[in-house]
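From just these sequences and the hints, can you work out the full model?
In case you want the letters, here they are:
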Amino acid sequence: EAQVTQNPRYLITVTGKKLTVTCSQNMNHEYMSWYRQDPGLGLRQIYYSMNVEVTDKGDVPEGYKVSRKEKRNFPLILESPSPNQTSLYFCASSRQGVLGDTGELFFGEGSRLTVL
Amino acid sequence: KNEVEQSPQNLTAQEGEFITINCSYSVGISALHWLQQHPGGGIVSLFMLSSGKKKHGRLIATINIQEKHSSLHITASHPRDSAVYICALHGSGNTGKLIFGQGTTLQVKP
Chain A
1 EAQVTQNPRY LITVTGKKLT VTCSQNMNHE YMSWYRQDPG LGLRQIYYSM
51 NVEVTDKGDV PEGYKVSRKE KRNFPLILES PSPNQTSLYF CASSRQGVLG
101 DTGELFFGEG SRLTVL
Chain B
1 KNEVEQSPQN LTAQEGEFIT INCSYSVGIS ALHWLQQHPG GGIVSLFMLS
51 SGKKKHGRLI ATINIQEKHS SLHITASHPR DSAVYICALH GSGNTGKLIF
101 GQGTTLQVKP
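Chains A and B, in that order, give the protein sequences.
Reading the first sequence from the start, the letters are residues 1 to 116 in my numbering.
Reading the second sequence from the start, the letters are residues 1 to 110 in my numbering.
FYI, nobody ran anything at the bench for these hints, they're computed from the structure.
Yeah, the Cβ is synthetic: ideal placement off N, Cα and C, and Gly gets one too.
A hint or two may mislead.
[Stated by the list, open to error] Using 30 Å as the maximum straight-line C-alpha spacing, the simulated BS3-like pairs for lysine-lysine come out as follows: (1) LYS54(B) <-> LYS109(B); (2) LYS57(A) <-> LYS97(B); (3) LYS57(A) <-> LYS68(B); (4) LYS69(A) <-> LYS97(B).
[Unchecked claim] Label-pair ranges, simulated between beta-carbon atoms: (5) THR114(A) <-> LYS55(B): 33 to 43 Å; (6) PRO83(A) <-> PRO39(B): 23 to 33 Å; (7) LYS97(B) <-> LYS71(A): 13 to 23 Å; (8) SER82(A) <-> GLY40(B): 24 to 34 Å; (9) ASN28(A) <-> PRO79(B): 31 to 41 Å; (10) GLY40(B) <-> ASN7(A): 34 to 44 Å; (11) ALA76(B) <-> GLY16(A): 49 to 59 Å; (12) ARG80(B) <-> ALA2(A): 19 to 29 Å; (13) GLU15(B) <-> GLY16(A): 44 to 54 Å; (14) THR114(A) <-> LYS97(B): 38 to 48 Å.
Structure follows, in structure tokens:
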């Protein structure tokens with residue numbers, strides 16, 4: 001079954017304690033991306049990756065890191081979480097053709113993060 | 001001014017009604033997505049458009065590239081269609097960046 005898997009789904013942590021949210025897809029997609037969703041602000045892109053070892057900033061990258069060492073995985077790293085990073089996080093992937101044509105987006109189920 | 005504007009922001013309909021949600025944008029695009037999010041739920045892609053029209057069941061999505069406008073239509077609406085509908089677009093200059101509309105909250109009453 002084609003899917004994007006995020007872990008953990010729920011996490012409560014404290015300020016400054018490093019954490020990683022994993023994202024894995026089984027569709028051999030080139031494109032992967034992270035978003036956060038906040039009430040009144042909607043969805044905002046954090047980072048994206050067009051392929052292995054190629055990552056770039058979205059609209060709200062501050063306080064986050066990513067890496068793309070393998071095609072299937074795109075972890076989101078919070079080196080020193082702060083309360084303003086409390087949010088609902090989504091990972092997504094899609095096919096990305098060499099001409100820049102994009103395919104349907106597949107989203108993970110979301111990870112609800114609370115930073116105290 | 002936002003690069004992507006959805007209208008209406010909120011919509012209440014009676015079961016069976018025809019519904020239209022609009023998305024206008026001000027940038028050149030390579031593709032536009034329509035997404036659905038149920039309360040407390042995940043996000044599902046309904047359509048990906050770069051031109052023309054697509055249909056899936058009771059849902060129809062259209063895009064007019066020249067007018068920079070897309071619409072999502074729901075025919076014979078049902079309470080299970082109650083959700084937030086979001087348009088999102090890839091700019092033509094940078095296909096990796098995704099710009100989101102603010103979403104339209106739809107409630108369909110029985």
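Hint check:
no., hint, result
1, LYS54(B) <-> LYS109(B), "holds (26 Å)"
2, LYS57(A) <-> LYS97(B), "holds (8 Å)"
3, LYS57(A) <-> LYS68(B), "holds (25 Å)"
4, LYS69(A) <-> LYS97(B), "holds (20 Å)"
5, THR114(A) <-> LYS55(B): 33 to 43 Å, "holds (41 Å)"
6, PRO83(A) <-> PRO39(B): 23 to 33 Å, "holds (25 Å)"
7, LYS97(B) <-> LYS71(A): 13 to 23 Å, "holds (20 Å)"
8, SER82(A) <-> GLY40(B): 24 to 34 Å, "holds (25 Å)"
9, ASN28(A) <-> PRO79(B): 31 to 41 Å, "holds (37 Å)"
10, GLY40(B) <-> ASN7(A): 34 to 44 Å, "violated (19 Å)"
11, ALA76(B) <-> GLY16(A): 49 to 59 Å, "holds (53 Å)"
12, ARG80(B) <-> ALA2(A): 19 to 29 Å, "holds (23 Å)"
13, GLU15(B) <-> GLY16(A): 44 to 54 Å, "holds (50 Å)"
14, THR114(A) <-> LYS97(B): 38 to 48 Å, "violated (28 Å)"
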